[in-house]
Amino acid sequence: MIFSFDLLINAIVSGILIGAFYAAVTAGVSLSFGILDIVNIAHPAFIILGSYIAYIFNISLGLDPIIVSILATPAFYALGAGIYQIYYVSFEKRGQESLRGLAFFFGLLFITEVLLVLYFGVDYRYVEAPYIGLTWHVGFLDIPLRILVPCVVSLLLIAVLQLLLTRTFVGRAIMAVAQDQLALKLMAVDPIRIKRIAFGVSIATASLAGAFLIIIQPVEPSVGREYIGRVFAICVLGGMGSLPGTVLAAMLVGVVESLTSTFYGPSWAPAVSFGFLLLTLAVRPAGLLGR
Amino acid sequence: MRTDLFFLVCLIVGAAIFAAAFALGNDYYFFAGYVVLQYVVLSTAWNILGGYCGYVNFGSAAFFALGAYSTVAMHKLYPLPIPVLVVIGGIVSGIVGLGMGYLTLRLRGAFFAIATLALAVVLQTFVVNWAFVGGSRGAYIIRPEAIWPLGNYIRYLFLIMMLLAVGAITVARLIERSRLGYGFATIRDDELAAEASGVPTLQLKLIATTISGALMGMAGAPFPYYIGFLQPSSAFGLDYAVNSIAMPLIGGTTSWVGPLIGAVLLGSLQQIATVTISSAVNLLIVGFLLVGFVIVAPNGIIGLVHKYIQHRPVGQVGRRRIEADVTGQVP
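If you read the sequences in order, they're chains A and B.
Here the first sequence is numbered in numbering that gives the first Met the number 0, starting from 0 and rising by one per residue.
Here the second sequence is numbered in numbering that gives the first Met the number 0, starting from 0 and rising by one per residue.
In case anyone wonders, no lab produced these hints; they're calculated from the structure.
Do not take every clue at face value.
[Said to hold, decoys possible] No farther apart than 20 Å at their CA atoms in a straight line, the calculated lysine to any residue pairs in the SDA-like style are these:
#	chain 1	residue 1	chain 2	residue 2
1	A	K92	A	Q178
2	A	K92	B	I294
3	A	K92	B	R187
4	A	K92	B	A109
5	B	K306	A	Q178
6	A	K92	B	G291
7	B	K75	B	A19
8	A	K92	B	G137
9	A	K92	B	K75
10	A	K184	A	E91
11	A	K92	B	V295
12	A	K92	B	G108
13	A	K92	A	R192
14	B	K306	A	F168
15	A	K184	A	F168
What you are looking at is a predicted structure, and each value in this text was computed from that prediction instead of being measured.
All chains should be modelled from the sequences, with the hints used to inform the complete structure.
Right, here's the structure in full:
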């Protein structure tokens with residue numbers, strides 16, 4: 000009995016750690032889908048792109064994946080701003096974002112995945128860093144550093160984003176654009192510019208999340224797909240665009256997934272987050288901390 | 000044209016195509032044609048929910064796979080002729096479609112789309128963990144060599160898929176011209192207003208998810224016999240989901256002609272690209288065409304044709320007005 004108790008505590012702790020990482024993965028979607036109402040289902044594909052960029056520089060120059068991903072954020076920001084511009088001109092302006100905008104992002108997801116397959120193949124890739132093989136033992140707890148490091152940096156990332164959103168002018172403007180675009184216009188702020196910035200930031204977080212992902216597990220191009228349901232489940236459960244809610248929901252999903260794979264086997268784990276999502280959507284679409 | 004007449008014309012065209020493939024004598028045409036016809040059924044089915052009602056279904060692959068796996072399960076229990084299996088696959092997928100409709104009744108737009116994606120993964124997980132149908136290892140279905148009087152078995156499968164395609168197109172056209180179709184169009188244009196004017200939107204949505212799901216399941220039912228070896232990752236492949244969205248959007252979503260054009264064009268293009276270049280590149284082509292078309296030609300090939308002959312797009316009055324507002328022209 001004491002053995003299974005250890006197992007339980009270990010599963011819960013690793014679920015919380017993984018949950019923090021899920022929060023970083025979802026942060027971008029919380030910004031784009033939660034706040035801006037842009038259904039960017041291609042977000043996981045950009046995360047995988049971030050993983051591969053971290054991989055390239057790690058293998059060729061031996062740089063730390065997290066440092067690479069921080070250096071890559073401006074490029075991801077530019078990519079995001081560019082994609083938003085296309086999205087705005089082609090869909091939002093014409094009022095066709097619902098059906099065709101979705102198809103647009105679905106196409107982007109598909110293109111990114113196939114390009115990565117063509118370029119890197121479908122082999123699993125992984126990175127090297129000094130902390131990856133190590134594990135801390137605290138009593139009966141095992142804490143692998145390859146999960147702890149991304150977890151800590153994820154929480155830092157969320158804290159920075161939250162400060163950005165609540166303390167700076169641009170951040171407040173982003174929150175305002177979600178509520179009333181016209182009012183923002185009357186305050187002489189260009190809502191399109193604000194949305195472009197917000198979407199750029201949301202894609203920039205994908206760079207970091209990608210590095211975390213490839214530190215935690217080996218990556219191949221289609222890994223992103225199982226994150227689609229997870230990120231949207233967490234985003235909706237967290238109350239659409241609330242970052243503290245996102246962290247809470249991410250840890251909840253992490254713990255439930257971890258318990259499922261510990262006690263029922265890992266092949267059932269993907270169903271957990273999607274089941275969560277279906278249930279949330281059916282029962283409480285406003286999420287845990289509804290806005 | 001009356002529906003029964005239309006059905007007859009479709010049958011004659013189908014028979015002509017079958018006779019032509021027969022005359023060519025090369026069984027490869029049947030193998031390639033089967034895939035194209037399968038996409039005709041899938042994209043027509045997707046369009047009933049996506050094009051007519053405006054509800055984007057990312058889970059086409061799940062319904063397709065349900066049809067395929069119900070065949071595998073039935074095959075293990077008791078061998079049945081394929082037409083019966085098609086009906087069973089349709090019933091199973093139709094029931095799941097109805098269930099999905101119930102589960103997602105309150106969801107609109109993006110939430111519905113994400114829920115369908117989630118459904119696909121949940122179903123895939125169940126199939127992976129269901130040892131009876133092979134689980135993640137997959138299942139073999141031994142296809143008979145030949146069938147009397149057609150010869151090679153693939154010709155029989157082709158014939159079944161041809162009949163399904165004709166049936167799906169007829170159903171789509173029938174819906175389009177009936178009260179049901181007008182009801183669907185009101186949901187697409189403004190669901191709230193439709194509900195306020197007494198359109199039973201929930202009931203209509205359930206009908207749409209059921210018909211669409213059932214047709215996809217029927218398309219999937221003969222698939223194990225075609226492929227010979229079925230595993231979850233191939234039956235739930237993302238390319239089915241992408242293709243069944245890309246084809247109607249490229250062809251045009253407002254009438255039955257669009258998915259047909261899209262499926263025939265894109266399906267044949269993919270078959271040619273698979274043979275001449277590589278199968279990864281053919282998926283890339285689909286992705287780029289999808290993104291390119293939704294940006295440049297939002298109403299698909301039909302929209303382009305209508306623009307070219309300076310006609311009013313079919314059933315596009317609302318959208319035209321929006322365009323006119325943007326460009327400042329009076330329609």
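Status of each hint after checking the structure:
Between A:K92 and A:Q178 the alpha-carbon distance is near 18 Å, which keeps this suggested pair within the 20 Å criterion. Among the hinted pairs, A:K92 with B:I294 is consistent with the structure: their alpha-carbon atoms are about 12 Å apart, no more than 20 Å. Taking the CA atoms of A:K92 and B:R187, the gap is about 19 Å. The hint holds against a cut of 20 Å. The suggested pairing of A:K92 with B:A109 holds, with an alpha-carbon distance near 18 Å, which does not exceed 20 Å.
Of the supplied pair hints, the one linking B:K306 and A:Q178 is violated, its CA atoms being roughly 37 Å apart against a limit of 20 Å. Distance hint between A:K92 and B:G291 is fulfilled; the C-alpha atoms sit about 17 Å from each other, no more than 20 Å. With a C-alpha separation of about 36 Å, the suggested pair B:K75 and B:A19 falls outside the 20 Å cut-off, and the hint is violated. The suggested pairing of A:K92 with B:G137 is violated, with an alpha-carbon distance near 47 Å, which exceeds 20 Å.
A distance of roughly 54 Å separates the Cα atoms of A:K92 and B:K75; the hinted pair therefore is violated under the 20 Å criterion. About 16 Å separates the Cα atoms of A:K184 and A:E91, which keeps this hinted pair within 20 Å; it holds. For the suggested pair A:K92 and B:V295, the alpha carbons sit about 14 Å apart, so the restraint of at most 20 Å is met. Between A:K92 and B:G108, the direct Cα distance comes to roughly 18 Å. Compliance with the 20 Å bound is thereby established for this hinted pair.
Under the criterion of a C-alpha separation no larger than 20 Å, the hint pairing A:K92 with A:R192 is consistent with the structure, at around 14 Å. At roughly 45 Å between alpha-carbon atoms, B:K306 and A:F168 are farther apart than 20 Å, so this suggested pair is violated. For the given pair, A:K184 sits about 15 Å from A:F168 by alpha-carbon distance, which is consistent with the 20 Å threshold.
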